Amino acid sequence: MAKYFGGCDVGSTYGKCVILDETGKIVGDATVRSKINPVETANMALSEAISKVEGLNGPEELTYLVGTGYGRNKVPFADENISEISCHAMGVHITDPTITGIIDIGGQDVKGIAVDSDGTVKNFAMNDKCAAGTGKFFEGMARAFELPLDEFCRLSLKAKNVIPITAQCAVFAESEVISLVGEGKPREEIAAGLQVSIAKRCFVMAKKAGTDGKITLTGGCAKNEGLKKAIEQVLRIKVAELPIDPQLMGALGAAEYARQLGM
Amino acid sequence: MKDLKHIHYYEELLEDANNSLVRHARSEGNIAAGYTCYYVPEVLLNLDKAFSIRLRAPRTGSLDISQYYMSSFICGYSRALFERAFEGGYNFIDYWCSSETCQQMNRVVENVHELKLINNEKFGHGIIDAPLKVSEHGLKHYITQIKAEILEPLNKKYGVDISDDSIRKAVKEHNELCAIFEEISELRKDENPRITPREMHILSLVSYACPTSLILPYLKETLEDLRERKADETNRWRARFVVVGSELDDYTFSEIMESCRAYVVADRYCFGTIPGRTRIPLNDDAPALEQVCRYYLDTNMCPRFMSQEKVMQRHEEILKYAKDFKADGIIYEQAKFCDFWGYERLIGPAYIKDKSDIPVMTVDREYVISGSGQLMTRVQAFVESLTLKKKQKERGKK
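Going down the list, the protein sequences come from chains A and B. Heads up: the first sequence is residues -13 to 249, going by my numbering. Heads up: the second sequence is residues 3 to 400, going by my numbering.
The following block holds chain A by itself, in its conformation from the complex:
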C-alpha cells in the first residue's frame, strides 16, 4: 500500500496543505481562506488536498502528518507540530537547495530566516506584535484604495515616482494613505511608497537573521509583485523565483518533515 505524508500549515489568513508520496513528489495540495476556528481551517485544507490523491480517503490514512503555522497545535490527526520557521526553511531547501535566505511575509508577521545547508534553521528574526509589513497590512491598504488585493499589489508597478509613507503602523499608515488620496496624489505613487516602506521592514528582518547569498520570498505576500520589486530595490538583490507556489512552502516543509519522520 502506498504511503502518503501530509503537511498542514494553518495560517492566520490562509490554511495550506501539501501531500507528498514516498519519493517526495507533491501529489496533492490546497489553499483555503482561514476560518476563525483553526480546526475548521485545517479540516478544509486537508479535505481538499486529500480529495486530489487517488486512494486516500481521509487524514487518518496519512502515514505521518505534521502541523505548522499559528494553528499548528490544532491540526486534527497530526502526529507532531513543527514551527513555521523550520518548515519554511525545509520547504525552500527541498525546492531549491542553493537558496540560503528567506523573507517570509505571512498574514500576521514577517520573518527573516537563514537556512543551513541541511535545510534546518541557522538563524531567524521576526517582527513583534505589529501588523506592519504583513498580509493584514496589505489587505487594509487595498481597502483604503477600494481595490481588490491583487490589483492593489500591481498598482505600484506603474509608478514613475515614490511618495514616501512615514507611518509604519498599519492603522496610521491607512490614515496617511487616505489623506494623500484625498489630496489628489497619484495613487500608484502612494502605493509604491507603501511597498518601499514594507520592503525596508523586510530588509531589517533579513539582516537581523543574518541572511546572505540567494534570497527568496515565501508566504502569501510573496505573490505581491509590487513588494517583490521594492524588496529587490531596497536589498539590492534579485529575489530568487521558486518553481512551486511560495505560499505553500510552510506546508511543503511540514510534509517533508512528515516524510522524513514517517519513513
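Where hints are given, some of them may not hold.
Stated by the list, open to error - Calculated pairs, SDA-like style, for lysine to any residue (alpha carbon to alpha carbon, straight line, at most 20 Å):
{"#": "1", "chain 1": "A", "residue 1": "Lys194", "chain 2": "B", "residue 2": "Arg270"}
{"#": "2", "chain 1": "B", "residue 1": "Lys391", "chain 2": "A", "residue 2": "Asp104"}
{"#": "3", "chain 1": "B", "residue 1": "Lys393", "chain 2": "A", "residue 2": "Met249"}
{"#": "4", "chain 1": "B", "residue 1": "Lys391", "chain 2": "A", "residue 2": "Lys60"}
{"#": "5", "chain 1": "A", "residue 1": "Lys194", "chain 2": "B", "residue 2": "Tyr345"}
{"#": "6", "chain 1": "B", "residue 1": "Lys393", "chain 2": "A", "residue 2": "Ser103"}
{"#": "7", "chain 1": "A", "residue 1": "Lys108", "chain 2": "B", "residue 2": "Ala352"}
{"#": "8", "chain 1": "A", "residue 1": "Lys194", "chain 2": "B", "residue 2": "Tyr353"}
{"#": "9", "chain 1": "A", "residue 1": "Lys108", "chain 2": "B", "residue 2": "Lys355"}
{"#": "10", "chain 1": "B", "residue 1": "Lys393", "chain 2": "A", "residue 2": "Leu247"}
{"#": "11", "chain 1": "B", "residue 1": "Lys395", "chain 2": "A", "residue 2": "Thr84"}
{"#": "12", "chain 1": "A", "residue 1": "Lys108", "chain 2": "B", "residue 2": "Thr364"}
{"#": "13", "chain 1": "A", "residue 1": "Lys122", "chain 2": "B", "residue 2": "Tyr353"}
{"#": "14", "chain 1": "A", "residue 1": "Lys108", "chain 2": "B", "residue 2": "Lys391"}
{"#": "15", "chain 1": "B", "residue 1": "Lys158", "chain 2": "B", "residue 2": "Ile145"}
{"#": "16", "chain 1": "A", "residue 1": "Lys60", "chain 2": "B", "residue 2": "Gly375"}
{"#": "17", "chain 1": "B", "residue 1": "Lys391", "chain 2": "A", "residue 2": "Val190"}
{"#": "18", "chain 1": "B", "residue 1": "Lys391", "chain 2": "A", "residue 2": "Leu247"}
{"#": "19", "chain 1": "A", "residue 1": "Lys194", "chain 2": "B", "residue 2": "Thr364"}
{"#": "20", "chain 1": "B", "residue 1": "Lys395", "chain 2": "A", "residue 2": "Asp104"}
{"#": "21", "chain 1": "A", "residue 1": "Lys108", "chain 2": "B", "residue 2": "Gln376"}
{"#": "22", "chain 1": "A", "residue 1": "Lys60", "chain 2": "B", "residue 2": "Ser372"}
{"#": "23", "chain 1": "B", "residue 1": "Lys392", "chain 2": "A", "residue 2": "Glu66"}
{"#": "24", "chain 1": "B", "residue 1": "Lys355", "chain 2": "A", "residue 2": "Gly196"}
{"#": "25", "chain 1": "A", "residue 1": "Lys193", "chain 2": "B", "residue 2": "Gly344"}
{"#": "26", "chain 1": "B", "residue 1": "Lys392", "chain 2": "A", "residue 2": "Gln246"}
{"#": "27", "chain 1": "A", "residue 1": "Lys194", "chain 2": "B", "residue 2": "Asp356"}
{"#": "28", "chain 1": "A", "residue 1": "Lys193", "chain 2": "B", "residue 2": "Met363"}
{"#": "29", "chain 1": "B", "residue 1": "Lys392", "chain 2": "A", "residue 2": "Val190"}
{"#": "30", "chain 1": "A", "residue 1": "Lys108", "chain 2": "B", "residue 2": "Thr389"}
{"#": "31", "chain 1": "A", "residue 1": "Lys108", "chain 2": "B", "residue 2": "Val365"}
{"#": "32", "chain 1": "B", "residue 1": "Lys395", "chain 2": "A", "residue 2": "Leu247"}
{"#": "33", "chain 1": "A", "residue 1": "Lys194", "chain 2": "B", "residue 2": "Ser372"}
{"#": "34", "chain 1": "B", "residue 1": "Lys391", "chain 2": "A", "residue 2": "Thr84"}
{"#": "35", "chain 1": "B", "residue 1": "Lys338", "chain 2": "A", "residue 2": "Val190"}
{"#": "36", "chain 1": "B", "residue 1": "Lys392", "chain 2": "A", "residue 2": "Asp104"}
{"#": "37", "chain 1": "B", "residue 1": "Lys391", "chain 2": "A", "residue 2": "Gly196"}
{"#": "38", "chain 1": "A", "residue 1": "Lys193", "chain 2": "B", "residue 2": "Asp366"}
Just so you know, these hints were derived from the structure itself, not from any lab. The structure presented is a predicted model; accordingly, all values stated were derived computationally and were not measured.
Chain B: place on chain A using the hints.
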C-alpha cells in the same frame, strides 16, 4: 508526574500581591516592606516584625493610566506597578523600599508618593542610591544609604529592631529558604529532572511574594515531596536552556518553554533563583550589615553595573551555568524598554558566541506574556534549530 505538593496553593497565592499570607502577617501587626530590585537586600526587610514582599502586579490589564503619568516607553513592569497602585492594589504596603538604580522604577515611586496613591496612614518610602562600581568606597556609600533610607525609617517609624542580632536572625531564616532552592536547583542537573520549569518558576515566585516565615514551612514540605518524587519514565525534554534577563514574574514564560519541551536548567533573571536564592555566608569578624551589603554587591548581576569586571563576571557566570547544568542553549529575555537589559541583550550574546559554540537566542517581551503566540513560535523554532539539526545529521550518516 503527580502534582507537586502545595503547587495549587502557590498558584492561588500568586493571583494577588496582597495574598492570604501577606494579609495574615499584617493582621498580626507585622510591617509589609515592598521592594522591586536586588539592589535592596531582601533579607534586611525581614528584620524583627517587618517582612519583605517583592512587588508584582498579577492579572494586569490595560496600562493607560500609567502611560498618561509616565510614558509608553517605560517598561511594562514599572507601568503595571504604577497602574496597580493607582487602582488601590498596594494599600497593604507599609514601607516601599526602592533604589535609584532604575530611573523608570524611581519615577513610579515618586509618582506614587506625589499622587498619594497608597491609602495607608502608616505608609512611607525610601529610595537608596546604589554605587555603580563595587569597591570599598562604594560599599561604604551603599551601607550609608541602606541605613538612611531603609533601616532607620523601619526602626524609627515602625519600631523594627535593626540590631546586629536581628540581622543575623533574618539571615539565618533567609538561608533556610535558600538551602531549599539550592537543593531543588541541583535536581535540575539530572538528565530527566523531577521538577518542571513551570513548577520551579512558581516556587521561586512565591518565595519572593510571601512573608518568608510563613511560606517556609510549605516550601519545606514541597522539598520533602520532591525528594520522594520520581520523574516520568519518558524524558519529554528536547533541549536544556539557561534563561537570563530582566524582571520576569509571569510564569506563563515557563509554561511556553514547557509547551516547546524546552527545559530551563538555570534561571538568572529578577524573580529567578540566581542569584537571589543562594545562602549568604556570615562570620563573627565583621558587622552583619556590612557582610550582607558586601554580599549583595558582589553577587549582583544587574547590567546597570558597567565596570569591566562586573560585565565580565556576568558573561562568565552565564557560561558557567551553561556548563554546570549541561545546557544546549542560552535564552536572553528582555522586558521591553528595560534600558539596562536592552544593552546587555546585545553585548552578552556577542560575548557568548565569541567564547563558546553555545547557541543563543534573544527575545523581548511584554510584562504580561499570556497569549503570546509569537513568543512560542520563537522558542519552538530555537528548540528545533538544535534538535532538527541533530536529526538531519543522523539521517545524513545513515
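- Which hints from the list above does the structure break, by number from lowest to highest? 1, 4, 13, 17, 29 and 33
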